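Starting from the known structure of chain A, arrange chain B on it as the hints suggest.
Residue numbers (the working numbering), protein chains in the order written: chain A, 129 to 249; chain B, 100 to 1006.
Honestly, the hints are just simulated from the structure, not real lab data.
Just a few of them, taken from the derived set where beta-carbon distance is under 10 Å, the chain A residues facing chain B:
1) A144
2) T210
3) K212
4) Q214
5) D217
6) S231
7) K232
8) F234
9) N236
10) I239
All figures in this text were calculated on a predicted structure; none of them were measured in a lab.
Where is the CB? At the ideal position from N, CA and C, for every residue including glycine.
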Amino acid sequence: MRQVLLVEDEANIAEALRFILSRDGWAVSVLADGARALAEVARLRPDLVILDSMLPGMSGLEILTALRADPDHAGLPILMLTAKGQLRDREAAERAGVSAFMSKPFDNSEIRALVRDLLGA
Amino acid sequence: MPFNVLVLTSLAYVAFLFVVAFVVERRAMRGEMRFLRSPVVYTLSLSIYCTAWTFYGAVGSAARTGVEFLTIYLGPTLVFVGWWWVLRKLVRIGRRQRVTSIADLISSRYGKSNLLGVLVTVIAVVAATPYIALQLQSVTLSFGAFAASDPQAWAMPGRDATAIWVAAGLALFTILFGTRNLDAKEQHHGIVMAIAVEAVVKLVALLAVGIFVVWGLGGGPSAMIARIEAHVDPQWAMQPGRWAGLIFLSAAAVITLPRMFQVLVVENVDEAHLSRASWAFPAYLFAMSLFILPIAVIGLERMPAGANPDMLVLTLPLHEGQGGLALLAFLGGFSSATSMVIVETIALATMVSNHILMPAWLWLRPQAAVSGNLRGAILLARRLSIIMVLALGLAYFRLSGGSGALAAIGQIAFAGMAQVLPALLGAIFWRGGSKLGALLGLSIGFVTWGYTLFLPSFGAGALISADLLQNGLFGLAWLRPQALFGTGAMDPLIHSIFWSLALNVAGYLIGSLLSFPDPVERIQGAAFVNAFDDELQAERVGWTHGQAEPEALLNMAQRILGEEAAISFFEAEAGAQGKAGFLPDLTPRFLAGLERNLAGSVGAATAHAMISQLFGRATVTVEDLMAVATEAAQIMEYSARLESQQSELSRSARQLREVNEKLTQLSVQKDAFLSQISHELRTPMTSIRAFSEILAEGDLPAVRVAEYGQIIHAEAKRLTRLLDDLLDLSVLENGAVHLDLALSHLGQMIDRALAAASQTRPERNFDIQRDYASEEIHLRTDADRLVQVLINLISNSRKYCDAQAPVLRIAVRQKGGRVVVDFIDNGAGIAKDKQGLIFEKFARLSDDGRAGGAGLGLAICREIMGNLGGTVSYLPGQKGAAFRVSLPLRIEKPQERPMEKPQERPQ
Chain A
129 MRQVLLVEDE
139 ANIAEALRFI
149 LSRDGWAVSV
159 LADGARALAE
169 VARLRPDLVI
179 LDSMLPGMSG
189 LEILTALRAD
199 PDHAGLPILM
209 LTAKGQLRDR
219 EAAERAGVSA
229 FMSKPFDNSE
239 IRALVRDLLG
249 A
Chain B
100 MPFNVLVLTS
110 LAYVAFLFVV
120 AFVVERRAMR
130 GEMRFLRSPV
140 VYTLSLSIYC
150 TAWTFYGAVG
160 SAARTGVEFL
170 TIYLGPTLVF
180 VGWWWVLRKL
190 VRIGRRQRVT
200 SIADLISSRY
210 GKSNLLGVLV
220 TVIAVVAATP
230 YIALQLQSVT
240 LSFGAFAASD
250 PQAWAMPGRD
260 ATAIWVAAGL
270 ALFTILFGTR
280 NLDAKEQHHG
290 IVMAIAVEAV
300 VKLVALLAVG
310 IFVVWGLGGG
320 PSAMIARIEA
330 HVDPQWAMQP
340 GRWAGLIFLS
350 AAAVITLPRM
360 FQVLVVENVD
370 EAHLSRASWA
380 FPAYLFAMSL
390 FILPIAVIGL
400 ERMPAGANPD
410 MLVLTLPLHE
420 GQGGLALLAF
430 LGGFSSATSM
440 VIVETIALAT
450 MVSNHILMPA
460 WLWLRPQAAV
470 SGNLRGAILL
480 ARRLSIIMVL
490 ALGLAYFRLS
500 GGSGALAAIG
510 QIAFAGMAQV
520 LPALLGAIFW
530 RGGSKLGALL
540 GLSIGFVTWG
550 YTLFLPSFGA
560 GALISADLLQ
570 NGLFGLAWLR
580 PQALFGTGAM
590 DPLIHSIFWS
600 LALNVAGYLI
610 GSLLSFPDPV
620 ERIQGAAFVN
630 AFDDELQAER
640 VGWTHGQAEP
650 EALLNMAQRI
660 LGEEAAISFF
670 EAEAGAQGKA
680 GFLPDLTPRF
690 LAGLERNLAG
700 SVGAATAHAM
710 ISQLFGRATV
720 TVEDLMAVAT
730 EAAQIMEYSA
740 RLESQQSELS
750 RSARQLREVN
760 EKLTQLSVQK
770 DAFLSQISHE
780 LRTPMTSIRA
790 FSEILAEGDL
800 PAVRVAEYGQ
810 IIHAEAKRLT
820 RLLDDLLDLS
830 VLENGAVHLD
840 LALSHLGQMI
850 DRALAAASQT
860 RPERNFDIQR
870 DYASEEIHLR
880 TDADRLVQVL
890 INLISNSRKY
900 CDAQAPVLRI
910 AVRQKGGRVV
920 VDFIDNGAGI
930 AKDKQGLIFE
940 KFARLSDDGR
950 AGGAGLGLAI
960 CREIMGNLGG
970 TVSYLPGQKG
980 AAFRVSLPLR
990 IEKPQERPME
1000 KPQERPQ
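Only chain B is shown next, with the shape it has when bound in the complex:
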C-alpha cells in the first residue's frame, strides 16, 4: 500500500474526528446535549482503557504468555460489576465536589492540601510519561509495519520524525478541543464524542481482523479451538500469583489512571449512566478480548519467525494481502493510541496547571489573583501543560529507543498509578484517613515503586547501576531493588506491587492514626465518606410509614417546645390534614414544619439530628455533630453574655446594698455623733448655768463668788475649745484645709510641741528622751499643723501615762523619702481591743484625769496627717503607749484628698 494513501487515510480520519468534535462542541454550547446524554457515549468513552497496548499488545502478550492478557480485562470487569460500591461513590463525590482530576480529589479530601495535589500530579506524570511514549511508539511501529511490507513502494521516514508529527498533531487536537473554554467541571463534550467514535472504530477493526482470522484463516470456530489447544508452549502455563497481582493491578488502574478518572468521573454527565456502563463496558472488553488468542495463534503459525508479536494485528492482514483490512486495523490502533494520548494529556494538563503551574504563577505574581485576568493565564497554563506532557512522552520515546515490549511499559504505569489507590479508597470510605497518612503512604509507595520497578525497567546500568541491582543499596542485600527483604523469588512486577502497596498502606494507616485531622480535613472527610447521606434524606422525604410514631414525636416536641405549644402545633397540622382531633400523619410537609419549629428552639442541626434519630437513621454524621457543637457554642456564648449581664446586675445590686448599708451606718453614726456633741456641749453648759444662777442670787461670800466665777470661765473655755475642735475637724475632713507649706526643721518643731504640751498637767515631771542628731531633718510641710499633731500626742502621754517616773522617748528615722517619728512612753499603753477605736471621734477611753478634751484630739491628728500626705498610727507591742507619725519629706503640692470616707464626716 502506498505510503501516501496511508498518510491521507490517517489525515482524513483525523479530519473526521475534528469535525465530530467540533460539531458536538458547538451543539453542546447551544445546549443541545440530548444525544451526548446517552449512556452509550459514556460507555464508549470508557474504552480509552483499551489503548494501543491492548489493541496491539494484548496479541503480543497472548503470543508470549497465553491467556494472561485476560487479567487486564478481568480487573476492570470486576470493578464495573461491583460499581455500586466504589464507582458510584466516586462519581457522586466527583460531581458533588466538582472534582477536576484525581489529584484534585485527593487534595480536596485531605484538607485541600496542595502539597498532596502536587505529589499525586508528579506520580501521575512520572507514571504516564512512558505510557504516552508507548502510544507514540505503537503508531510509529504501525507505520513501520506498512513500510516493511512494501519496501519498494515508499521509504519509511525516520521513526523519530513520525513520532514528532504524531505528537504535534495530537498536541494541536488536544489544545483545540481540550482548552477551548474553561468549564468548572472540566468537561469536554467534543473530545468525549470523538473518543466514542474512536472506540467504535477500534472495536470494529479488531473484530474484523478477528473474524477474518477465525473464518478466513482458521477454518471456523471449532477448528480454531482445536488449533489453539494444539498450540503447546511452556510459557503459556498459568501463574496464579501473577494472575492475582495483574487482576488487582488492572482493577486499581481502571480507577486511578488519570485518563480513566477523567472519563469515568470528570466527564460523567449523569450518574445513571454508570449502571448501564456496569454491564456494557465489561461487554465491550469481552468483545475486545474475544479474538486476541486466535490472532496470536494464527499469527505465530503463519508469520515468519522473529516477527514482532505486538504487531500481529496489523502484520497478519498485510501478510495475507488484505490491504483494506490492514488499513482498518491501522486505524483501530491509531484510534487507540490517539484517544488515550488526548485524554491522558488533558487529565495530566489539568493537574499540572491546577496544582503546579497556577499556584507557582500566583505565588510569583500575587497581585494577579485580584486583577481578574486569570482566565487567560489558566488557559495558557493548560496549553503549556499539554505541550509539556506530550514533550515528555516524546522525549521518553526517543531516550528509551522504543525498546521493550508494549505490555511491560503498560504494567509499570499501572503499578505507579496504583499507588494512589490506598489514599483514594481511604478518602471515600475511611473518615480517619488524614493528610499526613496520605502524604506518607503516597510518597513511600511512589519511592518504592520507583526503586523496585520504574528505575530497573530501564535495564541494569541505565539509571541505576548493575552493582546496585545485584547487591542492593549501600551494599545491603535486603535492599536489592528486585528482592526487598530477601523476597527475590517473586516475579519482579508482583514483587514491586506487593512491597510498594504494602508499605504505602502501612504508611497511610500509621500516618492517619498518628495525626489528628484539622477541621477542614474533618469536614471534607465527612462530606466524602457520607456522600450518600443526602440520598437518605431524600428517601426520608418520600417516606410516610416511618418507624417513628406520631406519639414519640409529640413527646419530643412537648419536651422542647413546651406542652401547649407542641399540642397546638400538632392540632393545627392535623386540622390542615383534615383529621382534626387525631394526631397528624407523618407527611414530609408535617415533618419539615416540625423540624423548623424545633429548630427555633434547639437550632437547625440539633433539630435535624433529633428527627433523624427518631426515624431510625442511626448515623448522625460528623457534620451534624459539628453543627450541633456550633449551635451549642452559640448558645453558650449567649448564656455567657446573659451570665455576665446578670453578674453585672448583681454587682450593682450589691453596690446599692453596700451604699444603703453605708447610709444606714452613717445615719446611726450621725445620731451617735449628735448625741455625743449634745453631751459635750450640755455638760459645760450645765455647770455654767447652775453657777450663774447661784451667783445671780447675790448672797454669796466673795471667796465663793471668785471660785464659782472661775469655774464658769473654765467651762466657757472648754465650750469654746470644743467648738474650735469641731470646726477644725470639719474643715480637715472636708479637705478644705489650707496648708502653709514651707521648709521647717523637725527638731525645732518637736521643741515647740514639747513646750506647748508642757502646760498639760504641768505638775508632772516627764523624762523626755531624744536623739537630736536624728532630728536634723528639714521637711517641706505645714509646720503649724504638724506641731498640732505632735502637741496632741505629747499631751496625751502627759495625761494618760500612769508610770511613777514617766518617760517619753521620741525616735526619728528617715526611710527613703519619708520621715517616721515615734512617741513611746513607759505607761500601761492601750488595751488591744481599744487600739482600733482611739482615732475615732469622742473615743475617750477614760474620764479619769481628763484635761478638758472632748475626745476629738486623735481624730483631728489623723485628719491632719492625711492632709499632710502622712499617717498617724498606734504601734502595738511596745512597752507603753506608742504612736507613730509618718510623713513625706516634701509635699510637692497640697494633697487632693478624695472623698473616700464619707461616713466619717458628720452632716
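Just chain A, with the same shape it has in the complex:
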C-alpha cells in the first residue's frame, strides 16, 4: 500500500483529505506541525507528500526547499496546496521544485486524480 504524508494544520481539511484518499486505498498519515514534517518524512519514507503552504513552525515552501536539497528525497513527489491563491506563491513553489500545485478549495475528484498520477498508479 502506497504511503501518503499529509501536512495540514486545518483539522477539517485534513479530515476531508484523509477520508477521500483513504477511500481510494492510500495509507494516509496526517501531521499538523510543519516543524516536525522533515523528521516525519525521514521516518515514514512516504511515496507522496501533500503540503499546505501556511503551516505553524515551518512553512510549506521551507519544507519543500529542504526536501529538495536532500538527495535522499530528490525524486519524492510533492503536492502543494495553498489557500492564498496568488500566482506568486505558485511560481515560488515551482521554482523550488514542487511536483504539483493545487489551490484551495479544490475539487475532490481532481485531487484524487492528481494523487493517483503522482503515485504512478
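Only chain B this time, still in chain A's reference frame:
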C-alpha cells in the same frame, strides 16, 4: 570838536553803511553778485578779527608789554598761511553740510546731537558776552575821550546812555540786515559788504594815525626806530611761555570765534577765495600792526602820565590838535566795534535760535512743526536772540563797570571759545571722535575755563570768594582756581589755557575711546573726515593714465561678469573708441560704463570700491564699506529668501516622497491584506466544499453524515464571523460607527464580558480576581462596544494563557477623568518582539488552540477604543499577558476621528 558834529558824523557813517548793505542786499536778491564774489570782499570781511580790542587795545597792550600784542596777529597768520590743512577742509565741510554756525557743525558732526549744539551755544554766549560788552565800552570810551578833550564845548551824556544808544542802534542794524530773509546757508551779503567797507575804514584810520605819528611826530622811520629802541621798560621783556600760549590762543580763536566762523565758513561764497585770503589776510593784519608800536611809544612820550593807553589812537591826535584825524580814528574804532558786534550777534543769534529757542518752542508746541508757519517763528526767534545777545552784552558792560583793560577781556573770550577747538579738529580729522568724547571734553574744558579764568576775572570776592581764590575749593590747595595741582607759578592766563585745554583734550580722547559712535555719528564722521574724497573722484574722471592696466580690469570684470560677457563688453567699448581688436583705453566714459556694468552684478558700492582699489585709491571709506555692507545684507536677505523657498520646495518634495512611500506601503499592505482575506475565506470554504462533495455521494453511514454536516455548519459559521469582523473593522476604521452613549456601570459590564467569554474554551477553569469596590464606576460610553472589547481580551486570555492553574486579574483604577482597566493573566505572556504586532490585522501569533478567530480581534478592539476616546495597549513587564484599557469617564460627544491612519484602512 563839538559833540553834535561827532554824533552827526557817526550817524552819517551809519546811514552810509545802511545804504551799502541795502543796495548790496537788493542786488544780491536780483542775482547780481559779481562784485560780491570777489576774494577782496571775503578777505576784508575776515578783518572783523580786528575788533576795537585790536584797534584801541593793541596800542594799550604795546604801551604796557611791548611787542607782545603781535602774538594776536601771529596766530591767525600761521593759520592762514597753513590754510590748506584746516581752513580749506572747514570751508568745504561747511559748504557741503550747509553748516550755519560752529555749534551746528559740532552738533552735526557728532550724530546731530542737539545737546552738543546747546553746549557750544552756551560756551559761545558766555565767552562772547564780555567781548561784546568790550566793544560797547570802547565806543563809550571814545565818546568820553572826545568829551574830555573839550570839556567846555559839550557835556558828555552818561556813559550808560551812550552804550544803550549804541546797542540799540546795532540791534536795529543787525535785525534789519541779519534777519531780512531766511537763507538755508545763513548768508548775509549786505552785512558782509558793510563789514568790508568798515574794514577799509579802520585800516585807513589806523594807517593815517600811524603815518601822522611816524612822520608828523616821530621824525621819520629811522628816528622812530631809534626812539623805540631808546624806550626802556622792564615790562617789555619777552616772556616765551606767554608768547607761545598767546600765539596758540589767537590761532585757535581765529577758527572758533563765532563771528570768525561766520565770515570764514558760513559767508564764504567760493572756496577759491580762501587761497587769496591766505596771504591777503595776513597782509592786512601786518598793515594793522605796523604802526602800533610807534603810536604807543610816541603816546607814552607825549601824553600826560595817567592817560589811558588803550585810547592813545584817539587821544594822541586830539592832543596834537588834529581834530579831523581824531574823527577818522574815531570812525575806525567805531567801525571795529560795530562790525564785530553785528557779526558776532548774528552768529550767536543763529546758534541761540537754532539750538535753544526753536527746539524749545517746537517742544512746547509740537503741532507747529506741521502747521507750516515756521518761517515767522524762526525770524521772530532770530530777532529775539539778537536782542537777547546785545542785552546780555549791555548788562555785562553795566555790571562790570567798564573796568579792566580791553586786552584782558579779549583774551578771556579767546580762551573760552578755544574750548571748542579739540572737538572741532577732532570733528574734521579723527573719525574716532564721538559724541560722548565731545560732550565730555567741552564740558570739562568749559568748567575749567570758567573756574580758573572767567570767574576770577571779576576780581576776588566778586563772583568767587577771596577765600576760595586763596585756599581752593573745599579748602583743597590743589584746587585753587589759579594754581590747579600746584601750578601757581604760571601766568594766570597761560595756567587756565593749559589746564582747561589739557583736561578738555583728555576728556575728549577718553570719552571717544570709551564709547562707540552710533550709525549717524559714523556716517557724519566719515562725511566730515573724508570731505575731500569726492575731489579724488573728480580727479579720477580726468585721469587717463591710471595705474590700473586694462588687463587687470578685464581680469576683474571676467571674474564678476563671466568670461564672455566681460570680453564682449570690452570689445564693444574698444570698437566705440575706434580701436577694435585691442583693449579699450581707460577713458572716464569707459570706466563709468564698466562700473555700471559691475554694479549690476555686485552692487554700486562694491563696484565703486573695486574700481577705486584698482586705481590705487587705497582708502576705501567707511561710507563705501557701509554701502557694501548694505548691499551684502540685501544679497543675504535675497539668498535667505531663496533658501527658504528652496527649503519649502524640498519640504514638499519630502512630503511627496513620504506620500509616495505611504502609497507604496499601502499597496503592499493591500496585497498582503487581500492575500490574508483570501486565505481566511478559502480555508473554511475548502472544508465546506470537500465535505459537501463527500456528502453528495450519498453512500455514507449516518454517523459520518452527521459528523461531516457538523463540520460544514461550523465552517460556515466561521465564514460568517469572519465577514462580520471584516465589516465591523471596516465601519470602525472609517469612523462611520454609531455610538449608543449611555451611563453604564463598569462592574456590570465586566460581568457581561466574563459571562460571554466563558464560552471560549469552556472546559478551562479560570480563577478570576476582581476588586468589586473599584468597579463601582458609572461610565458614559457605548456599553456594547466596550463589552465587545472586554470579551475579546478575556477570550484571548482563555485561549492563550498556558498556565496550569490559569488566573486572570482584573484591576480597575480611576485617574482624573479617565478609567483604566488592566487584564493580567499568569501565562507566558507575549514575546517582546511580537508585542508591537498584536494589534495588527491577522496578526495571529499561533495557530495552536485557535478558537476560530481570524486574527482580527485586537485590531477591532483598538478601533473600538479609538472610537470611545480611549486606548488599548499591551502592558509589558508583567508576569503574564497584560492588556490595559483606558477610556474617559464621559464621552461628551461622539469622537470625530480624523483620517489619520489611512494605511490601516484597506480599500
